[in-house]
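Chemist: Chain residues, written in single-letter form:
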Amino acid sequence: MSGHERHDERALPGGEEEPMTAAPLAAADRWLMRACLYVPLAALLLFFALPMGFIAWRSLMQDDGGIGFANYLALLDTPGVWQATRNSLGLGVATTAITLLLAFVLAYGMERTCMRGRRFVAAALTLPLLAPSLVLGLGLIFILGRNGIVGQLLGIRPDIYGFHGLLIADVLYALPQAVLILRAALRCADARQYEAAEVLGATPWRQFRDITLPGMRYGLLSAGFVVFTVTITDFGNAVVIGGDFSVLATEIYNQVSGQMRFGIGAVVGLLLLLPAALSVWIERVAAQRQAGIGAESAQPPQPRIARGRDGLYAIACLGIASAICAVVATVVIAGFIRLWPYRLDLTLKHYDITVSGGYASLWASLAVSLIAATAGTLLLFLLAFSVRRLSGWPARAATLLATLPVGVPGLVLGLAYVFAFNEPALPWGALYGSLFLLAMCNFYHYHTQGYVSMATGLRAVPAQLEEAVAVLGGGVGRLLADVHLPALRITLWAVAAFLFMRSMVTLSAVIFLVTPELSLSAVTVMRLDEAGFTSQAAAFSTCIMAVVGAVALLLHRLTSRCRVP
Amino acid sequence: MSLEIRNLHKSFAGQVALERIDLALDGAEFVCLLGPSGCGKTTLLRIIAGLLAADRGSIRLNGRDLAAVPTRERGFGIVFQSYSLFPHMTVAQNVGYGLAIRGVAPARIAERVAGLLATVKLADFGERYPGQLSGGQQQRVAIARALAVDPALLLLDEPLSALDARVRAELRGELREVQRKLGIPTLMVTHDQDEAMVLADRVVCMNRGRIEQSGTPQELYEQPRTRFVAEFMGHSNLLTPDWLQQAAPSLLAGMPADLRAAGAACVRPERIALTPDAAGDGRVVEVAFMGNFKRVRLEWRGRELLAEVSSALALQPGDPVSVDIAAQDCAWVMA
Numbered sequence: 003m004s005g006h007e008r009h010d011e012r013a014l015p016g017g018e019e020e021p022m023t024a025a026p027l028a029a030a031d032r033w034l035m036r037a038c039l040y041v042p043l044a045a046l047l048l049f050f051a052l053p054m055g056f057i058a059w060r061s062l063m064q065d066d067g068g069i070g071f072a073n074y075l076a077l078l079d080t081p082g083v084w085q086a087t088r089n090s091l092g093l094g095v096a097t098t099a100i101t102l103l104l105a106f107v108l109a110y111g112m113e114r115t116c117m118r119g120r121r122f123v124a125a126a127l128t129l130p131l132l133a134p135s136l137v138l139g140l141g142l143i144f145i146l147g148r149n150g151i152v153g154q155l156l157g158i159r160p161d162i163y164g165f166h167g168l169l170i171a172d173v174l175y176a177l178p179q180a181v182l183i184l185r186a187a188l189r190c191a192d193a194r195q196y197e198a199a200e201v202l203g204a205t206p207w208r209q210f211r212d213i214t215l216p217g218m219r220y221g222l223l224s225a226g227f228v229v230f231t232v233t234i235t236d237f238g239n240a241v242v243i244g245g246d247f248s249v250l251a252t253e254i255y256n257q258v259s260g261q262m263r264f265g266i267g268a269v270v271g272l273l274l275l276l277p278a279a280l281s282v283w284i285e286r287v288a289a290q291r292q293a294g295i296g297a298e299s300a301q302p303p304q305p306r307i308a309r310g311r312d313g314l315y316a317i318a319c320l321g322i323a324s325a326i327c328a329v330v331a332t333v334v335i336a337g338f339i340r341l342w343p344y345r346l347d348l349t350l351k352h353y354d355i356t357v358s359g360g361y362a363s364l365w366a367s368l369a370v371s372l373i374a375a376t377a378g379t380l381l382l383f384l385l386a387f388s389v390r391r392l393s394g395w396p397a398r399a400a401t402l403l404a405t406l407p408v409g410v411p412g413l414v415l416g417l418a419y420v421f422a423f424n425e426p427a428l429p430w431g432a433l434y435g436s437l438f439l440l441a442m443c444n445f446y447h448y449h450t451q452g453y454v455s456m457a458t459g460l461r462a463v464p465a466q467l468e469e470a471v472a473v474l475g476g477g478v479g480r481l482l483a484d485v486h487l488p489a490l491r492i493t494l495w496a497v498a499a500f501l502f503m504r505s506m507v508t509l510s511a512v513i514f515l516v517t518p519e520l521s522l523s524a525v526t527v528m529r530l531d532e533a534g535f536t537s538q539a540a541a542f543s544t545c546i547m548a549v550v551g552a553v554a555l556l557l558h559r560l561t562s563r564c565r566v567p
Numbered sequence: 008m009s010l011e012i013r014n015l016h017k018s019f020a021g022q023v024a025l026e027r028i029d030l031a032l033d034g035a036e037f038v039c040l041l042g043p044s045g046c047g048k049t050t051l052l053r054i055i056a057g058l059l060a061a062d063r064g065s066i067r068l069n070g071r072d073l074a075a076v077p078t079r080e081r082g083f084g085i086v087f088q089s090y091s092l093f094p095h096m097t098v099a100q101n102v103g104y105g106l107a108i109r110g111v112a113p114a115r116i117a118e119r120v121a122g123l124l125a126t127v128k129l130a131d132f133g134e135r136y137p138g139q140l141s142g143g144q145q146q147r148v149a150i151a152r153a154l155a156v157d158p159a160l161l162l163l164d165e166p167l168s169a170l171d172a173r174v175r176a177e178l179r180g181e182l183r184e185v186q187r188k189l190g191i192p193t194l195m196v197t198h199d200q201d202e203a204m205v206l207a208d209r210v211v212c213m214n215r216g217r218i219e220q221s222g223t224p225q226e227l228y229e230q231p232r233t234r235f236v237a238e239f240m241g242h243s244n245l246l247t248p249d250w251l252q253q254a255a256p257s258l259l260a261g262m263p264a265d266l267r268a269a270g271a272a273c274v275r276p277e278r279i280a281l282t283p284d285a286a287g288d289g290r291v292v293e294v295a296f297m298g299n300f301k302r303v304r305l306e307w308r309g310r311e312l313l314a315e316v317s318s319a320l321a322l323q324p325g326d327p328v329s330v331d332i333a334a335q336d337c338a339w340v341m342a
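Those protein sequences? They're chains W and Z, same order as listed.
Numbering-wise (our numbering), the first sequence opens with residue 3 and increments by one.
Numbering-wise (our numbering), the second sequence opens with residue 8 and increments by one.
Bear in mind the hints are in silico, worked out from the structure with no lab data behind them.
The structure displayed is predicted, hence computed values, not measured ones.
Among the clues, some could well be false.
[To be verified] Footprint (simulated), chain Z over chain W, 3 or more residues, beta carbon under 8 Å:
| # | stretch |
| --- | --- |
| 1 | 309 to 323 |
| 2 | 477 to 491 |
[To be verified] Pulled from the structure, derived: some chain W residues nowhere near chain Z, Cβ distances all over 10 Å:
| # | residue |
| --- | --- |
| 3 | Phe71 |
| 4 | Ala96 |
| 5 | Leu273 |
| 6 | Ala399 |
| 7 | Gly435 |
| 8 | Thr450 |
| 9 | Leu467 |
| 10 | Leu555 |
From the three backbone atoms N, C-alpha and C, an ideal C-beta is built for every residue, glycine too.
Looking at chain W on its own, in the form it has when it is part of the complex (with noise of 0.2 Å):
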């Protein structure tokens, strides 16, 4: 019943690609079958595609009824965003330039050098992941801010608001992104390659550039863009950091938000695709061609010890990781401070929060989170699971259609729920405003990289064991719980712990979604900030840093306890 993917490979060069003639299925399995694909997809339909359509729609709606393009037409008369264009643009490249060149250091660092501190750097790493972004915009203001802790001892008031403060920010926020991919890349590097050139007497200069550099030129492509996209599309860091200096994400929000203007929304929104698509493109190919490279059985290198290379690159990496460090645990300190930067006394009463909300939100969060988490899991398994047993052309389209929702940044796909779910009028008008929708929209913000996750673990289940079951006997019902859930226990964990932790932190998908009734920690942490209440918002930061922290510790002890079955 399984066994499409595999007959005798050999007996056909390049055979992958035939259209299967399905062995036979009982009944009841073949209807268990297609619910497993049919639910998932039909889930990824409504609460990805619909609203995909629903933008694409929007911005050909004109202000006069009708359909066309002055929506695009009236960009070029909106000159507020040929401004957060061209500032978008500036910001990007600029994060992107510095944050490759650390992400650089950090990776080689830690993979090649024998540098002490690696597993601190690490874990400074994982730090931003933790946090909603405008964390790190919020730590920066403490530091650097007029109130900052830096101006108070020198007696001077800096100005961190606008293009400086938000270049930081976004590259702390975009590093631990960066740095896996080149780790990633480095990793994947064979020593046998280094041995070779060693002994036909090749220099270690000569080795970096012949053989290490042309290794991570793919690496380095996919992290440029991937950096350059996260920061065009972050929006957190924006509000808080971004001071006057408009960018397309503060735009986006100022149009639909502030002035009602939809269809330009809509239009922007359409805009900031095409850099994400374009990563995401980049992205693909680069793995395609770094897959080329790695030989099944290459080994990666082993740094030996090098006393002054060692050093030099402990210093910058340190240097770096206590950076990021520090500016998260500043937000953390500020929380307990009574008046920052001036008296310096511990007390809780910032937790104390009664403005915009209280702890409404963090609860709301929670619920969303376990929501998306829980839900998000099994879909997401139900339809990898599906997907692995077709073939051919509806193989290809499901999985890029599970794998497109990583090229829409989260302020579009908000944008899109709003133009898709804000209709009573619509029979899943009713979902508007529910933890429902919520939860579902942060699961399809970070559905492909759930995906990925989970077809990686399925594709280390033996197709052996599947077939082993059915001639024994056993139906989907048995590969499902003999076969599937014992070997991607860990896979699941993994993944459902991922959704609960982004969609704790994440803010741009949900800031057009939350409403006066139902709002969600990120957004309160905004709204503290913006009412001038930023001690409050650092407590508030602090609590959601807590649970999501608790969760990342706890999928860390279950993994490395469960590691062989």
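Based on the hints, put chain Z in the right spot on chain W.
Modeler: Chain Z in isolation, oriented as in the chain W frame:
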């Protein structure tokens, strides 16, 4: 039990994988599907198991058409090359899995599992996990698991190929013993002709999606009908009628009348008798010492021959030898 396959066809994206397959399996026969990589033998096994559907043709089990019967209802047992045990279940749970699916009482399962584990010489291993076993032991567990359900047919997909030589030889013997003892009809896929010859009652030699020849191992070795079978089942000298006409006309005596131009006489290397002889018209080109025998390349009457002689025979490259081939040792192969 009787399995009957008629006129089976299968192609993948226009590429023919199986063509005009007719095969019958009776009683407690051990049949080997033998052939090189890509000959379609695994595809055939998977179609019989129900893991793949055929394009045309029929498969009948005791007269019942299997086309619409899902794999899980066929009641077969299967053993793969590797990686087919449940890693999170103990050896005993693995072996009892098929019985648990069939709703057999736990006490009855435990009894049956203990018996089977004793049969495959793993009596004390029931509580271990597959990860704690060697490759050979894992395959024994897989065999026990397949046998537990009293399969109508046991399917083996290169079950010994992933093991190292010594374990393979050992398990080969045990597999044959267990199969004889339990009398379960068995179909095994292999690309190893030694394995096929030792294990099989009948060998089905396949090439390019077709059955070339089917028969006992001895028949296939001594009377190959095609050039492919002659070359696949061990070493051979293929002597064309044209050359024989010139060099050894006496050997043409047994040639069938309908032999086509591409046909040839197949002579196995050990059937060529060599005698060191200063007046002999053969000349040794190369000698490879194989332990229990010597493999000798020699020039004889304008062509090269391969012979196998006792390693006691002293031969050096360049030595003159006399060559003797008996007419009854020529098997006539078609193209």
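Chemist: If I take the minimum Cβ distance from Leu467(W) to any residue of chain Z, is it greater than 10 Å?
Modeler: violated (5 Å)
Chemist: A cut-off of 10 Å on Cβ-Cβ distance, and Gly435(W) was said to be off the interface with chain Z. Does that hold?
Modeler: Gly435(W) is indeed farther than 10 Å from all Cβ atoms of chain Z, at 44 Å.
Chemist: Is the Cβ of Phe71(W) farther than 10 Å from every Cβ of chain Z?
Modeler: The claim stands: Phe71(W) keeps its Cβ more than 10 Å from every Cβ of chain Z (closest is about 44 Å).
Chemist: Just checking, Ala96(W) versus chain Z, shortest CB gap more than 10 Å?
Modeler: About 50 Å separates Ala96(W) from the closest Cβ of chain Z, which puts it past 10 Å; holds.
Chemist: For the stretch 477 to 491 of chain W, do at least 3 residues have a Cβ located nearer than 8 Å to some Cβ of chain Z?
Modeler: holds (count 6)
Chemist: Within the assertion that chain Z covers the stretch 309 to 323 of chain W, do at least three residues meet a Cβ-to-Cβ distance smaller than 8 Å?
Modeler: violated (count 0)
Chemist: Would the least Cβ to Cβ distance between Leu273(W) and chain Z come out above 10 Å?
Modeler: holds (42 Å)
Chemist: Checking a non-interface call: every C-beta of chain Z should be farther than 10 Å from the C-beta of Thr450(W). Is that right?
Modeler: Label holds. Min Cβ-Cβ 29 Å, cutoff 10 Å.
Chemist: Decide, holds or violated, for the assertion that all CB atoms of chain Z are farther than 10 Å from the CB of Leu555(W).
Modeler: Nearest chain Z Cβ is 25 Å from Leu555(W), so the label holds.
Chemist: If I take the minimum Cβ distance from Ala399(W) to any residue of chain Z, is it greater than 10 Å?
Modeler: Since the minimum Cβ distance to chain Z is about 18 Å, Ala399(W) lies beyond 10 Å and the statement holds.
In the structure shown, a violation is registered for the earlier hints numbered 1 and 9, in ascending order.
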